[in-house]
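As a plain string of letters, each chain reads:
2 protein chains.
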Amino acid sequence: MNERNDYHMDPETFRRRGREVVDWIADYMERIETFPVRSNVAPGEIRARLPAEPPETGEPFEAVLRDLDEIILPGITHWQSPNFFAYWPANSSGPAVLGELLSAGLAVQGMSWETSPACTELEIHVLDWMLDMLGLPERFHSSSAGGGVIQDTASSATLCALLAARERATDFVTDRKGCDRSLVAYGSTQAHSSVEKAVRIAGLGSEQLRLIDVDDQYAMDASALERGIETDLDAGLTPCFVTATVGTTSSGAIDPVRAIGEIAKRHRVWLHVDAAMSGTAAICPEFRSVHDGVELADSYCVNPHKWMFTNFDCDLFYVADRATLVRTLSVLPEYLRNRATESGVVIDYRDWHIPLGRRFRALKLWLVIRHYGIEGLRHHVRRHVELARMFTGWVEADRDFELAAPVPLNLVCFRHRGGDTINQAIIDRVNDSGKLFLTHTRLGDWFVLRLAIGQTHTEQRHVQAAWDAIRAAAAEVASE
Amino acid sequence: MNERNDYHMDPETFRRRGREVVDWIADYMERIETFPVRSNVAPGEIRARLPAEPPETGEPFEAVLRDLDEIILPGITHWQSPNFFAYWPANSSGPAVLGELLSAGLAVQGMSWETSPACTELEIHVLDWMLDMLGLPERFHSSSAGGGVIQDTASSATLCALLAARERATDFVTDRKGCDRSLVAYGSTQAHSSVEKAVRIAGLGSEQLRLIDVDDQYAMDASALERGIETDLDAGLTPCFVTATVGTTSSGAIDPVRAIGEIAKRHRVWLHVDAAMSGTAAICPEFRSVHDGVELADSYCVNPHKWMFTNFDCDLFYVADRATLVRTLSVLPEYLRNRATESGVVIDYRDWHIPLGRRFRALKLWLVIRHYGIEGLRHHVRRHVELARMFTGWVEADRDFELAAPVPLNLVCFRHRGGDTINQAIIDRVNDSGKLFLTHTRLGDWFVLRLAIGQTHTEQRHVQAAWDAIRAAAAEVASE
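As you go down the protein sequences, you meet chains A and B in turn. Residue numbering for the first sequence follows our numbering, starting at -8 and increasing by one per position. Residue numbering for the second sequence follows our numbering, starting at -8 and increasing by one per position.
In isolation and in its complexed conformation, chain A is listed as follows (with noise of 0.2 Å):
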């Protein structure tokens, strides 16, 4: 039953549950390391334990939790467990969630100015702070002609920077004809799938995006991008998108973006600079160079959700040149008019983005900056990079094991010198056995592990334990 007969949660009966729900995340975050790090259940599992029909009266809240422990948990991997290595880090901190909580709380859009002014204002003020703080140019700042907005994912910004390049390289006749089948987009080999994705969403098509080669260390092979442009124009086509990474979700590869920047500027191609896994670095200055060349960029995203303690979803996306962006996707049907619009002084996030409707994301990331300094900050990114580190040097000095590509930040891809079966056989005994959870590539031929550290409470002695049940497990597969 519910505490009023308007079956809504009263203010008091929501500072109560509230407190709850504090206590079972902090509980959570005391007892993380107590769970199997991925879920183990099969197939239909969780589901099993639910209920086919939908409660037609209200039930006590203890039952949620109860649940979430005898339900849902065991359907759980747990990304913020400190032995969490898997894919790539998407660190949460406590003022990340009370940000998120926050902003749940005052649950207001964000789609224009007017639905709550403090909204958009905190925004573009949280993202020119971030400019600072990681060496990025004036030319994203809002002062100048471009500026910065919170998408939900890397994945959303290349298709706006994609869409975006698409209506300048043809004076947005495509936005009122439709796409012609002769525009051409670029990234590396190692770009993340999310270009091609953004390639056929915009109407490209597959075929039109060219796989640059990479060089030895899985970068792109700036040579091969020109000669691939100019193959392009001598066929007729129209060259107008090119991604260059920094930090291949792959392998950590970080794209030359000054030699890409200064092609596609000859070129007139649109360069998207994706740093959504390593951007963070440049907190640092002694990492800042991952940057170098990103004043050439037409526009650059990081995802602060990945590697700065923020929660997902905290993806910064910034633009040269934010009226291409604007007016590729403006719409304003009347409702939406407003005083404020008209006046042509505000910005009005909804046309910066696919969906309409947004969150106060700023506010998790404000706290984020406010909680740790740029100190904090700097200090946990430091750390992952040394652990990162020390793990290579453990890995060179073993005899059965070889880096599989170079480590220029927080990423280790390795591998046994046994061949592809026992690396396979290592990943799923390591696993199974739940004592951490990494993942797998592929680098040329090779079946690679990756060991991506990142998560917000990893330290040394998990690093450590890592590599132990790593090199047990490579132990038993050989003795099997």
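Hints listed in this document are in silico derivations from the structure and should not be mistaken for laboratory results. Source: prediction; values computed, not measured. C-beta: ideal position from N, C-alpha, C; glycine also. One thing to keep in mind: the hints can contain errors.
[What the hints assert, rightly or not] Sample of chain A residues lacking proximity to chain B, with all beta carbon distances greater than 12 Å (derived):
no., residue
1, S135
2, L224
3, K256
4, G410
[Unchecked claim] Which stretches of chain A does chain B cover? Using the computed rule of at least three CB atoms under 8 Å from a CB of chain B, they are:
no., stretch
5, 63 to 69
6, 318 to 325
Using the hints provided, position chain B relative to the given structure of chain A.
What follows is chain B alone, placed relative to chain A:
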């Protein structure tokens, strides 16, 4: 300073600060009626109060809560106020906020089944529940060839529907080769602006969107749709997509879904039903007719984040043929491969929408349904419709005002008989007063006031006070 020298917020501090934030939100709920509903700050006013530089070192949490009150709140337009009648409802609730908090606390990724099986399975399950609750067809059930997914917004759902339609119409040739300006899409002149946005994003071109005339109730004229399709076929074009709207944003009109569906079927055109605004009404048997003909739809969406007490973002998107949707949006780079995906028995939701990463959004919807039960949700939907009918009666009985459109559910469109200038003056006056917030639209040649009733705590006294304020403003305007 931070509590520990590693800068992180430890679980004990999170417990304490979390309670403070819960209390802040409960206090906010209690005092929400004391704020001006629409923020009255000037552009730039909030930013001017924020420090120009990000902090070098961490700040105490107290400073954040203080700034929330002093800097952020004046810039908030209070969507959760019971006196908010603007745009559309975005009603939140205690259980939804706590669901969002739990999601932030677990901070898992739901992109693949393996990345947190419970995240995927709870979502499938709750979306199946919702089919029962809204009387939606079996073809959208996960046990059929279809299924549902949570998207951020109806804009994204519309885009995904259009993309799948584009590929079905061209047998996936567009996906490979790109758009060729032959595809045509349809919606009424009253369809949501996101339809035009989607048509432009997907590369069809805005000129390939046909805006079909509406009848005197602002619902699509189905015979005009059929004539439009036939004209395009005669011109050698390929009609691929039509949107029918259940509750237009402008006036709440309900398109004749069955008639549109029969035409769409005859011409092999994808029918998407956009019930973002009004689909929730179908939880009450007496309003279920809004879904008449939905069994003819290829896709459908409804927004619990509008009218079902579930925090934004939570758009439910269903398709009858999930294979076409998944093939349209699927990417599978090596680094996302895993045993569960290869087995083919699980759903990987990353292939159901634009982004790759995804939050555990099913939690908040699950908490809302369990807290209210079907009974509680019905109670409030009925109450909102009843209040809209009451307001409608007042308008009809007043000699100075008139209805501007039928009122099928909870949105009342009305106007002062004195003309556009007077109506604009009335809306400016009431909104500037801070006592309530309502917005406008245009219907035919008229500037029309919209009163959307659906906020969580809106009761009869708020609707009565709104009417009193509107009439008082009209009297003041007339006397000037």
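Hint check:
A cut-off of 12 Å between C-beta atoms confirms that S135 (chain A) is not in contact with chain B; the least separation is 16 Å. Here L224 (chain A) stays apart from chain B, with its beta-carbon at least about 18 Å from theirs, past the 12 Å limit. Consistency note on K256 (chain A): stated as away from chain B, and its beta-carbon is indeed over 12 Å from all of that chain's, at 25 Å minimum. No Cβ of chain B approaches the Cβ of G410 (chain A) within 12 Å, the least distance being about 17 Å, so the stated non-interface status holds.
Coverage of a stretch by a chain is defined here by at least three residues with a beta carbon nearer than 8 Å to that chain's beta carbons; for the stretch 63 to 69 of chain A and chain B the count is 7, and the condition holds. Three residues within the 8 Å Cβ limit are the bar, and the stretch 318 to 325 of chain A against chain B gives 6, so the coverage statement holds.
Violated hints are absent here; each numbered hint is respected by the structure.
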